[in-house]
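There are 2 protein chains.
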Amino acid sequence: MKQGEQTRNNIIKSANKLFYQQGFHKTAFSDIVRDVGLSKGNITYHFKSKEDILTAVFERRMEKTRNTLALWDKEHPEATARLYCFIDNLLEGKSELARYGCPNGTLASELGKSNALTRELSQPLFELIRHWLASQFLTLGSSTEQANNLAMELFTRGQGICVLSQVYNDEKLFEHEINQLKKLVALHHISKGLEMNKSPLVRPDIG
Amino acid sequence: MKQGEQTRNNIIKSANKLFYQQGFHKTAFSDIVRDVGLSKGNITYHFKSKEDILTAVFERRMEKTRNTLALWDKEHPEATARLYCFIDNLLEGKSELARYGCPNGTLASELGKSNALTRELSQPLFELIRHWLASQFLTLGSSTEQANNLAMELFTRGQGICVLSQVYNDEKLFEHEINQLKKLVALHHISKGLEMNKSPLVRPDIG
Numbered sequence: 001m002k003q004g005e006q007t008r009n010n011i012i013k014s015a016n017k018l019f020y021q022q023g024f025h026k027t028a029f030s031d032i033v034r035d036v037g038l039s040k041g042n043i044t045y046h047f048k049s050k051e052d053i054l055t056a057v058f059e060r061r062m063e064k065t066r067n068t069l070a071l072w073d074k075e076h077p078e079a080t081a082r083l084y085c086f087i088d089n090l091l092e093g094k095s096e097l098a099r100y101g102c103p104n105g106t107l108a109s110e111l112g113k114s115n116a117l118t119r120e121l122s123q124p125l126f127e128l129i130r131h132w133l134a135s136q137f138l139t140l141g142s143s144t145e146q147a148n149n150l151a152m153e154l155f156t157r158g159q160g161i162c163v164l165s166q167v168y169n170d171e172k173l174f175e176h177e178i179n180q181l182k183k184l185v186a187l188h189h190i191s192k193g194l195e196m197n198k199s200p201l202v203r204p205d206i207g
Numbered sequence: 001m002k003q004g005e006q007t008r009n010n011i012i013k014s015a016n017k018l019f020y021q022q023g024f025h026k027t028a029f030s031d032i033v034r035d036v037g038l039s040k041g042n043i044t045y046h047f048k049s050k051e052d053i054l055t056a057v058f059e060r061r062m063e064k065t066r067n068t069l070a071l072w073d074k075e076h077p078e079a080t081a082r083l084y085c086f087i088d089n090l091l092e093g094k095s096e097l098a099r100y101g102c103p104n105g106t107l108a109s110e111l112g113k114s115n116a117l118t119r120e121l122s123q124p125l126f127e128l129i130r131h132w133l134a135s136q137f138l139t140l141g142s143s144t145e146q147a148n149n150l151a152m153e154l155f156t157r158g159q160g161i162c163v164l165s166q167v168y169n170d171e172k173l174f175e176h177e178i179n180q181l182k183k184l185v186a187l188h189h190i191s192k193g194l195e196m197n198k199s200p201l202v203r204p205d206i207g
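Residue numbers (the working numbering), protein chains in the order written: chain C, 1 to 207; chain R, 1 to 207.
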């Protein structure tokens, strides 16, 4: 990696961490400069403003999320296993999530109050995750409407669990509630399995 | 109301609105001064800092929430009807909630990143609502564990719906998802009704 590219990466990494741990508005451009440990001129060579860095942070998050979802798709041929990956990933981050909330949810909440441009930065990231969740339920045999509803339920509950756990700064609460999401996926898996077994072949009394 | 008290009220009201529409960190003390329309000296006579106003904003929210919940308790002897009040109240605020998110959730998310003192300001307010929700499910015949779980599910889903609706700034999405919460309450009402009818009196074949 070239040095300029390395510097650019370090800026994005610092800003991503500070926006997460402090919030976007509480993080000053000078905080980022200090955290990266380079001169202000070195930073402004790559990014003119905090808003420019924000856009790059979102691009980075999109890329990382896309890669993670693609990895789960590749490693697990079964959609239920992929949904468990999504949930286990939340469980793995429990101490950070209970302390600072969801990185995407809290940033979206904060930016969502601002002007339309800033507000809409979060949408592609949420859309990527929502669409991935829905496609897993589609694979499991749900109708498009059902799949969208289930994806939205899983997504909203995950976000809400992050909000409540952060209020109480309580990992145990986080863990307990996230495990309810596992039950939701397991129940759906069982009910879809039962539905598929209801074919005329195993129920010769019908038809 | 005395003039000093009126001024104090106006400051809290302005700050409450600005913290909601812009966020706490984005709102400067001078924004509040400008919004109230009085001199800075007039404001600092009542509140020394933005943090002092924040504490008063939380006190006001606690008081308003306590009064609203007490009113629903008084007006509706049936717990399911009270839970519908809670949900209908969200539906009534849909355009603001889809634009700025939940006033309590977004402020908690933002302050939750800060030091412990600021972080814990939200807890009593969340605890008040969570406890009220659980007490409704208890009244409906749930065990303490069930009631706490249902309260937490309703609360987290409500919060998550606010996050997602704000991301998309979409009232229709908000309405659709909140109506799922009505189904949750209705299903619980039906299942509790069925359980109660399962007494030995109506099932003489048992015992």
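Please note that a few of the clues may not be correct.
Unchecked claim - Here are the computed lysine to aspartate or glutamate pairs in the EDC-like style, where the Cα-Cα straight-line distance is at most 20 Å: (1) C:Lys183 <-> R:Glu153; (2) C:Lys26 <-> R:Glu51; (3) C:Lys172 <-> R:Glu145; (4) R:Lys183 <-> R:Glu78.
None of these hints come from the bench; they were simulated from the model.
Worksheet item: Does R:Glu145 lie within 20 Å of C:Lys172 when you go C-alpha to C-alpha?
Response: holds (15 Å)
Worksheet entry | Given hint R:Glu78 paired with R:Lys183 - CA-CA distance at most 20 Å | With a Cα-Cα distance of about 17 Å, the restraint between R:Lys183 and R:Glu78 holds, given a limit of 20 Å.
Item to complete: Sort out whether R:Glu153 lies within 20 Å of C:Lys183, counting only the CA atoms.
Response: holds (13 Å)
Item to complete: Sort out whether R:Glu51 lies within 20 Å of C:Lys26, counting only the CA atoms.
Response: holds (14 Å)
Going through the hint list in order, the structure satisfies each hint without exception.
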